[in-house]
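Q: Each chain, letter by letter, is given below.
There are 2 protein chains.
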Amino acid sequence: MIEIKTELTTNKKQKPDLNNLGFGRFFTDHMFVLDYKEDKGWHDPRIIPYQPISLDPAAKVFHYSQTVFEGLKAYLTVDKRVLLFRPESNFKRLNVSNERLCIPAINEELALEALKQLVAVDRDWIPSTPGTSLYIRPFIIATDPCLGVSSAKQFQFIMILSPVGSYYKDGIKPVRILVEDYYVRAAPGGTGAAKTGGNYASSLKGQEMASKDGYEQTLWLDGKEKRYVEEVGSMNIFFKINGTVITPALNGSILPGITRDSMIQLLKAKKIAVEERRISINEIVEAYHNGALEEAFGTGTAAVISPIGELKWLDEKIIINNSEIGEVTQMLYDTLIGIQNGSLKDEFSWTIML
Amino acid sequence: MIEIKTELTTNKKQKPDLNNLGFGRFFTDHMFVLDYKEDKGWHDPRIIPYQPISLDPAAKVFHYSQTVFEGLKAYLTVDKRVLLFRPESNFKRLNVSNERLCIPAINEELALEALKQLVAVDRDWIPSTPGTSLYIRPFIIATDPCLGVSSAKQFQFIMILSPVGSYYKDGIKPVRILVEDYYVRAAPGGTGAAKTGGNYASSLKGQEMASKDGYEQTLWLDGKEKRYVEEVGSMNIFFKINGTVITPALNGSILPGITRDSMIQLLKAKKIAVEERRISINEIVEAYHNGALEEAFGTGTAAVISPIGELKWLDEKIIINNSEIGEVTQMLYDTLIGIQNGSLKDEFSWTIML
Chain A
4 MIEIKTELTT
14 NKKQKPDLNN
24 LGFGRFFTDH
34 MFVLDYKEDK
44 GWHDPRIIPY
54 QPISLDPAAK
64 VFHYSQTVFE
74 GLKAYLTVDK
84 RVLLFRPESN
94 FKRLNVSNER
104 LCIPAINEEL
114 ALEALKQLVA
124 VDRDWIPSTP
134 GTSLYIRPFI
144 IATDPCLGVS
154 SAKQFQFIMI
164 LSPVGSYYKD
174 GIKPVRILVE
184 DYYVRAAPGG
194 TGAAKTGGNY
204 ASSLKGQEMA
214 SKDGYEQTLW
224 LDGKEKRYVE
234 EVGSMNIFFK
244 INGTVITPAL
254 NGSILPGITR
264 DSMIQLLKAK
274 KIAVEERRIS
284 INEIVEAYHN
294 GALEEAFGTG
304 TAAVISPIGE
314 LKWLDEKIII
324 NNSEIGEVTQ
334 MLYDTLIGIQ
344 NGSLKDEFSW
354 TIML
Chain B
4 MIEIKTELTT
14 NKKQKPDLNN
24 LGFGRFFTDH
34 MFVLDYKEDK
44 GWHDPRIIPY
54 QPISLDPAAK
64 VFHYSQTVFE
74 GLKAYLTVDK
84 RVLLFRPESN
94 FKRLNVSNER
104 LCIPAINEEL
114 ALEALKQLVA
124 VDRDWIPSTP
134 GTSLYIRPFI
144 IATDPCLGVS
154 SAKQFQFIMI
164 LSPVGSYYKD
174 GIKPVRILVE
184 DYYVRAAPGG
194 TGAAKTGGNY
204 ASSLKGQEMA
214 SKDGYEQTLW
224 LDGKEKRYVE
234 EVGSMNIFFK
244 INGTVITPAL
254 NGSILPGITR
264 DSMIQLLKAK
274 KIAVEERRIS
284 INEIVEAYHN
294 GALEEAFGTG
304 TAAVISPIGE
314 LKWLDEKIII
324 NNSEIGEVTQ
334 MLYDTLIGIQ
344 NGSLKDEFSW
354 TIML
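Protein sequence lines correspond, in order, to chains A and B. Numbers 4 to 357, taken from my numbering, label the letters of the first sequence in order. Numbers 4 to 357, taken from my numbering, label the letters of the second sequence in order.
The reader is advised that the hints may include incorrect statements.
[Unchecked claim] With a straight-line cut-off of 30 Å between C-alpha atoms, the simulated DSSO-like cross-links for lysine-lysine are:
(1) A/Lys176 - B/Lys156
(2) B/Lys18 - B/Lys8
(3) B/Lys40 - A/Lys40
(4) B/Lys8 - A/Lys156
(5) B/Lys18 - A/Lys156
(6) A/Lys95 - A/Lys43
(7) A/Lys18 - B/Lys43
(8) A/Lys18 - A/Lys119
(9) A/Lys348 - A/Lys273
(10) B/Lys40 - A/Lys15
(11) B/Lys43 - A/Lys16
(12) B/Lys227 - A/Lys215
(13) B/Lys119 - B/Lys16
(14) B/Lys18 - B/Lys119
(15) A/Lys320 - B/Lys227
(16) A/Lys43 - B/Lys215
(17) B/Lys215 - A/Lys227
(18) B/Lys156 - A/Lys16
(19) A/Lys16 - B/Lys40
(20) B/Lys83 - B/Lys15
(21) B/Lys43 - B/Lys8
(22) A/Lys18 - B/Lys15
(23) B/Lys16 - B/Lys83
(24) A/Lys95 - A/Lys227
(25) B/Lys215 - B/Lys229
(26) B/Lys16 - A/Lys40
(27) B/Lys40 - A/Lys18
[As the list claims (entries may be wrong)] Label-pair ranges, simulated between beta-carbon atoms:
(28) A/Asn325 - B/Gly151: 28 to 38 Å
(29) A/Leu317 - B/Leu317: 32 to 42 Å
(30) A/Asp47 - B/Leu253: 42 to 52 Å
(31) A/Glu211 - B/Glu278: 28 to 38 Å
[Stated by the list, open to error] Here chain B is said to cover these stretches of chain A; the calculated rule only asks that three of the stretch's residues, wherever they fall, bring their Cβ under 8 Å from a Cβ of chain B:
(32) 57-71
(33) 137-143
(34) 205-215
By construction, these hints were calculated from the structure, which means they are not laboratory data. Note that beta-carbon positions come from the ideal geometry of N, C-alpha and C, so glycine has one too.
Build out the structure end to end from the sequences listed, making use of the hints.
A: Shown next, in the form of structure tokens:
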């Protein structure tokens, strides 16, 4: 049994309006912190009141972005149980990201135990209205105050919790996506498969350009040939073509999404053909012209599923399923959300009860 | 005239041992801070005692690495004048980085004025022994506490100062470099030409692999074909082949180094042939086999010049100039250092006196 010290707040915050939570704007009363020093390893796990992080201005995270993070959710079921969705997968992936970013591996068992204790402490922050949840953000930052370009010798692993609103307040609405033909999110040999800040910093410009053109997100092509589909916004992407669901294979520059993996497993269980393979933007355009492009959607922890109603590629506008959510997309969304919030039976043993 | 408030410290630090400064390990008594908010723009420029930065754990810099930085130096001349080396170029480049990272542009004139005032306040920290200098680190971080993946609406622009030792305490020693054939620093359409943390985070792994193989730095090839030379470590790279000095042309994934630019200008002034063009690793290998590869060196603010004594590419060890510093390399080093520290006449108007 791992001992985690807990210092409870004496000054509880006022809870936010549950109808206006948004995403990642409000945080609970406590946070988890774990320190790393070269000579001590990871040490001093503790739950403390939510508070600012105080760092030397020379801390490496500010200069060289040596950082990784995760995102997952806790749900309150109708009968008031708390369910975590596949948290072991997140901590496993965090260690994969750590390896790429030269950050020492964390103890996944300790992280899970800490997460459970933290959510239990702030249990009354988990919102219960349909579509809401408690978003969990574990992250690691390099803290030593030294400007040499080299891996840090001091880190902090922190977890914070944010009650988040329904991504689809007015029902699921398909998004319009601009296929990016200049900026690149990740390249072979880069950090695309790791969940690290630099990937997101690099993607902001494409997002800004898409917004200026009136589109909501960017579809990212591969960094080498700018030909193969990789991700959409900060989500994985799926297409349904001629009855088969296709998602880009994990090639080293695509994030191995946990929602992505869950969707693949769900499709297999439902006996719907699913393929992980390389898929070019030209194949999508061709399928559209042949009338074979039936559905498209992004997957990620925040939205779960985000149906795609339109893709703009160069001068061509590809309208998918009459800009409405497709049948398989809707089924996947309903099934996964149902498993996550406990209203459907979890045949995959994905959820963990607190 | 821009007014910059100054709050002097009442608690001056002890100065470090000038013989053991290292790089970026000690910091002066003061720092400069400038805030940005969407409705106010950049505001409240101030010099304050060097102190920790206190940020909400949800601050965007910790999660999405929206950050840029610069590096430049101040030198104390023998007659006790303070010289800044091409500071306008740094603030100009900072704004280029800002554009790529969706960070609002700073006022370059204000930044230069602030830098001058900050260095003046901490003037007694500038070391005077040969080879030492005051390293200046301007940087910008995204501070709003919100986990949505989008450009921040709050930033801080900060400058800190660090007295640094001679890069070559025991004389210039050529380094041994591993040519990286798997990991990539930057790709076309990525952030390689911007000075942003993600590029450095992404490079740590290659550096770690090189160290494990007994090499000091990584030579980075292009992210698309892994064939063309881009940078070495966190420096630009030059080769002297058959009497001509060649450096990779700025292609969008290479940092436009200010030392790089100064070297090109120096070479032209000295009537030494210099070319900015694409150069493949195969061309280097071939030149080596033909006996035409005469010198190689990296350039950057920290080291000024770092001669390369050996390149390892796949199974081949390329020994350059018998692992000794070359004649042109030495001349460039002596000339640039001389201009920077005021011992040589600055015919390029690169230095600014405080």
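Q: Looking back at the numbered hints, which does the structure fail to meet, lowest number first?
A: 3, 4, 22
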